[in-house]
Amino acid sequence: MSAQTTSRALETKRPVPSIGLWSTVRALLRKELLVELRTLESVPAMSLFALSTFVVFHFALNRNSVEGDLGAGILWVTLLFAAILGINRLFVADADQGGFDAFLLAPVDRSAMLVAKVLTLLAYLTVLELVAVPAFALLLLGSPLGPALPWLVVTLVLANIGVAVIGTLVAAMAVRTRARDLLGPLLALPLLVPIVIGGARASSPLLAQADRVAPAIRWLLTLGLYDLVFGLIAFALFDFLLED
Amino acid sequence: MERSSRPFGYGNGLRTLSIATVIAIAVTLSLVFFYAPLEAEQGFLQKIFYVHVPLAIVALCGFVLGGLLAIQHLRTRDPRWDMRSYVVIHMSLIFAVGTLITGSIWAKGSWGHWWVWSEPTLVSFLIIFLLYATYQPLRFAIEDPERQARYASVFAITAGAFVPLNFLAVRLSTEYLHPRVLGSTSNLPGSMALTFLVSLGSMSLLFTTLCKYELTAKHTRSQLRALRRRLSGEHADAPRARSAVPAIQHVAAASTRASVRSVP
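Top line first, the protein sequences correspond to chains A and B. Here the first sequence stands for residues 1 to 244, numbered as in this note's numbering. Here the second sequence stands for residues 1001 to 1264, numbered as in this note's numbering.
No lab work stands behind these hints, which were simulated from the structure alone. Cβ atoms here follow ideal geometry from the backbone N, Cα and C, with glycine treated the same way. Worth double-checking, as some hints may not be accurate.
What the hints assert, rightly or not - Here chain B is said to cover these stretches of chain A; the calculated rule only asks that three of the stretch's residues, wherever they fall, bring their Cβ under 8 Å from a Cβ of chain B:
id: 1; segment: 20-28
id: 2; segment: 58-66
id: 3; segment: 166-178
Stated by the list, open to error - On the chain B side, residues computed to face chain A include the following (Cβ under 10 Å):
id: 4; residue: 1030
id: 5; residue: 1033
id: 6; residue: 1157
id: 7; residue: 1162
id: 8; residue: 1204
id: 9; residue: 1220
id: 10; residue: 1224
Build the full structure now, drawing on both the sequences and the hints.
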């Protein structure tokens, strides 16, 4: 898949010495989403996993409805573990079927791979949340979701960026090791703890039964800062993971 | 004479450094037990502060230093920087275990629980410890020494940047129930501050000495392996056994056991 896309990019742009970052990103992103649409490998599994986890939480906690701290905790733990499923699969096709080699042969900026994969994971997470958050509201949440939604969306978007950036970096690091299915989650979870802290603290007042207030701005700032710093780190370091 | 037998100079100054460390630790302990005053509220228990906090500071600085050395490795591609980064992170991990244990003891003594979630430093340390605990498995899971070094450096830089960020996030998430001594030494009485600073200095010295010992041991071992291989007539750069330890250029060696068996 990737070989086709990159070789086509080569043919059409041959006279130009280098291909722009964004056209490469577009090509890679198109390939990723096309592969996902055809195989339906990651997103349905992530969504299904989230639904099953809600059911598990219902029985494990023996509660029909949750709110506040507990609700935020369940939502974030579920989203995090569902995201890990996607992170684990993110580079598997590239590593096993020669996508990396084809990409390295193409005369393009290697950061394009990072940007494309981050956007792919971001798309996965968005679809996951479009399924999981309404399902959470329906199955477990004791308070109405509607009024909480605007701030919850802001929090989720900020957290998604962080998860996507860290997930891509970690997935690229783990995929070409012997124990990739083990190392991915082990590396990702501690790095994602601050995102869980920020996300859960920001959304717990939103999911409260009574006296619902907007989240403290410092949590959103923490998430934003985390996204920014790890975005820069990933951008600086990703090339080193793609050298051979 | 001694120096000429160690052409790479890794063991140089090790004896002086060791003696200085022993003296510094002895001075620190005598200051802690005989000079620093008993704290009014916590009494004798508070003395663990002189071990716990320096351990924590040195471990954290070590993790960040490991990241800086890794940057140097990625810039120069010299495997010696990777070796330094590996040793510093390894030693910091050991110091972090020490921090967790002494912190737990302190928490049990002063608040009655082995683990206190409202104590940001302890919690941050646990998260950082969990992250760095994957450093060696990551190295071990990559066979090609060059790629192992590169990936480990990427990890070390990411994790090194994570250390301060994680502290920020965890600290924000806990209410300031327990005033921290870590923030400033200015609110300590002079004798306590002096003891603390001396303790911090000797702990850093201990860290440096242990790192130097490990570096020397690693280099000596790989040199020994290379010599054994040469003795048994193997090629010096035959593939080495799978290992989490960085390989050093011309002395990379395969399994020692195989070489030993074939030595006449």
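Here is what the structure says about each hint:
1. 20-28: With 0 residues in contact (Cβ-Cβ under 8 Å with chain B), the coverage given for the segment 20-28 of chain A is violated.
2. 58-66: violated (count 0)
3. 166-178: Holds: 6 residues of the segment 166-178 of chain A have a Cβ under 8 Å from chain B.
4. 1030: Result: violated, 39 Å to nearest chain A Cβ.
5. 1033: With Cβ-Cβ at 37 Å, over 10 Å, it is violated.
6. 1157: 6 Å, holds
7. 1162: 6 Å, holds
8. 1204: Interface hint status for residue 1204/B: violated (26 Å vs cutoff 10 Å).
9. 1220: 29 Å, violated
10. 1224: 28 Å, violated
Figure legend: structure checked against the earlier numbered hints; hints not met, in rising order: 1, 2, 4, 5, 8, 9, 10.
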